[in-house]
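S.K.: Position chain B relative to chain A; hints supplied.
There are 2 protein chains.
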Amino acid sequence: MAASDRFSVLAILFLFFLGQIPNALPQSIIQISPRNHRVSDQDLLYCDSWRFSVETNDAGFWPTIPKRCENYVENYVTGDRYRSDSEFVAGDSLAFVRSLQMNDDGKDAWIFDIDETLLSNLPYYEAHGFGAEVFDETPFDDWVDLAEAPALAASLSLYNELEQLGFKIFLLTGRSEYQRNATEKNLLYSGYKNWERLILRGPSDQHKPAIVYKSEKRSELVNEGYTIHGSSGDQWSDLMGFAVAQRSFKLPNPMYYIA
Amino acid sequence: MAASDRFSVLAILFLFFLGQIPNALPQSIIQISPRNHRVSDQDLLYCDSWRFSVETNDAGFWPTIPKRCENYVENYVTGDRYRSDSEFVAGDSLAFVRSLQMNDDGKDAWIFDIDETLLSNLPYYEAHGFGAEVFDETPFDDWVDLAEAPALAASLSLYNELEQLGFKIFLLTGRSEYQRNATEKNLLYSGYKNWERLILRGPSDQHKPAIVYKSEKRSELVNEGYTIHGSSGDQWSDLMGFAVAQRSFKLPNPMYYIA
Chain A
57 MAASDRFSVL
67 AILFLFFLGQ
77 IPNALPQSII
87 QISPRNHRVS
97 DQDLLYCDSW
107 RFSVETNDAG
117 FWPTIPKRCE
127 NYVENYVTGD
137 RYRSDSEFVA
147 GDSLAFVRSL
157 QMNDDGKDAW
167 IFDIDETLLS
177 NLPYYEAHGF
187 GAEVFDETPF
197 DDWVDLAEAP
207 ALAASLSLYN
217 ELEQLGFKIF
227 LLTGRSEYQR
237 NATEKNLLYS
247 GYKNWERLIL
257 RGPSDQHKPA
267 IVYKSEKRSE
277 LVNEGYTIHG
287 SSGDQWSDLM
297 GFAVAQRSFK
307 LPNPMYYIA
Chain B
57 MAASDRFSVL
67 AILFLFFLGQ
77 IPNALPQSII
87 QISPRNHRVS
97 DQDLLYCDSW
107 RFSVETNDAG
117 FWPTIPKRCE
127 NYVENYVTGD
137 RYRSDSEFVA
147 GDSLAFVRSL
157 QMNDDGKDAW
167 IFDIDETLLS
177 NLPYYEAHGF
187 GAEVFDETPF
197 DDWVDLAEAP
207 ALAASLSLYN
217 ELEQLGFKIF
227 LLTGRSEYQR
237 NATEKNLLYS
247 GYKNWERLIL
257 RGPSDQHKPA
267 IVYKSEKRSE
277 LVNEGYTIHG
287 SSGDQWSDLM
297 GFAVAQRSFK
307 LPNPMYYIA
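Those protein sequences? They're chains A and B, same order as listed. Just so we're on the same page, this note's numbering is the position in the first sequence counted from 1, plus 56. Just so we're on the same page, this note's numbering is the position in the second sequence counted from 1, plus 56.
Rather than coming from a laboratory, the hints here were simulated on the basis of the structure. Treat the hints with care, as some may be off.
You can't tell identical chains apart in this list, so a pair holds if it fits in one copy or across any two.
With a straight-line Cα cutoff of 35 Å, these simulated DSBU-like cross-link-like pairs (lysine-lysine) come out [claimed, not checked]:
1) Lys249 to Lys123
2) Lys264 to Lys163
3) Lys123 to Lys163
4) Lys224 to Lys264
5) Lys264 to Lys249
6) Lys241 to Lys273
7) Lys241 to Lys224
If we strip away everything but chain A, and leave its shape as in the complex, we get:
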């Protein structure tokens, strides 16, 4: 084999392995290019107030982000502030954990939501206007099946810390049973492991509002003897209702609202 042929083979092998790397390594960090849309001072003031209003749940239901805030939201979710806000909430959660008295009876529980809490669907929403379009279940389900959502870095760190402290971790998601395999695959791919239970919507949960379904599932855990110390979610419907956790942690999400 001539030297040039050997080089070609090496080059092909190199390119082959290069192509494999993104699928072979856990892809736990969101890789998305930051937007720097120009937003006028008036829109900035309005959209900051809009974001206050949705993150405190003052707004109640909203179907899509306001037209004039589309660029603002793109800047936010692709930029430093989303990461910073997420890290702050993880810090709040850890500060609480360090202050609490665990029962150490194997029943100390923490609940995590999945979408926009453990896993980021930014690559999907990037292709769908970051919340500018009305939610469409069909393409989103195709995205879920790909099992390629990256982890939210701050949540992954918090998750690992809680797991090492001995918390039983429950994943309580609005996803359905038929998505169990894809969801487990995605969680492992993004670096999550050793959860106690993954709770998905069964046939009888399909038409319940998230706040009812999630409250019922929390209630079942309480009846099993678990102490729900904390709960992390990007939607108020992850956190409110009944059988709520001792402390609830609202992660940022200005892209969509789930009742």
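M.R.: Coordinates of chain B only, in the frame set by chain A:
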């Protein structure tokens, strides 16, 4: 009397009446000079995330604002954003009111907190670091006795609109019975009128956490047959607990936290 003497008397009378005007007219708008402290990009990112964390209640209890956010909070509460956020929340409240079905049985109720909800204590906090100092009850009580707190403009508009729509308005405050006269005087001075009931802490409420005291008082209203459609407050302890309103509206307040 010479012409120059007559002019002097008129000038003195003019100055005398000018001095009286601020006390004679309802002073319903916050008059405070906007701060424009220089805040570094890192502090801005950190303090925006801190504000997210306290406004969503992720932070839980916090005694004073973080040192590095003192200038940020001064800029916020004296600037456009506090006004804009407050107006947005009032708008959310009105949008909800327009969507609801009133019972028209004389029992349609709305609850307002007072401090930093109907009345602004910014003139007091301006002299006390805008939340940089630990709360001190003695000077604050002296300030309450002055009965000079201005109205939050957005809340006054909302209040008037609700009153005209036929809501029974309940004022539920952490202030104590001995402050009833000063509180009523201040409310009237700032333009509020025709409330159904002003509920203050009685002797048996003194040592209850706000969230318990306020839940108990809401519960009494429910037992009297009132439908609590909405509740407005700057603290989560105004809004959470039991016997909560159909919808709760969290007003901004990055200056202090009440459990």
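S.K.: Take the hints in turn and mark each one as holding or not.
M.R.: Tested hints:
1. In the homo-oligomer, the alpha carbons of Lys249 and Lys123 never lie at most 35 Å apart, since the shortest distance is 39 Å inside one protomer and 38 Å across protomers.
2. For a Cα distance limit of 35 Å, the shortest separation of Lys264 from Lys163 qualifies both inside one copy, at 27 Å, and across copies, at 31 Å.
3. In the homo-oligomer, the alpha carbons of Lys123 and Lys163 never lie at most 35 Å apart, since the shortest distance is 46 Å inside one protomer and 38 Å across protomers.
4. In this assembly of identical chains, the alpha carbons of Lys224 and Lys264 lie at most 35 Å apart whether taken from the same copy (26 Å) or from different copies (34 Å).
5. Taking the closest pair of Cα atoms, Lys264 and Lys249 come within 35 Å of each other only inside a single copy of the chain (29 Å); across copies the shortest separation is 43 Å, beyond that limit.
6. In this assembly of identical chains, the alpha carbons of Lys241 and Lys273 lie at most 35 Å apart only when taken from the same copy (23 Å versus 50 Å across copies).
7. In this homomeric assembly, Lys241 and Lys224 come within 35 Å of each other (Cα to Cα) only inside a single copy, at 20 Å, whereas the closest approach across copies is 55 Å.
Hints 1, 3, counting from the list given before, are not met by this structure.
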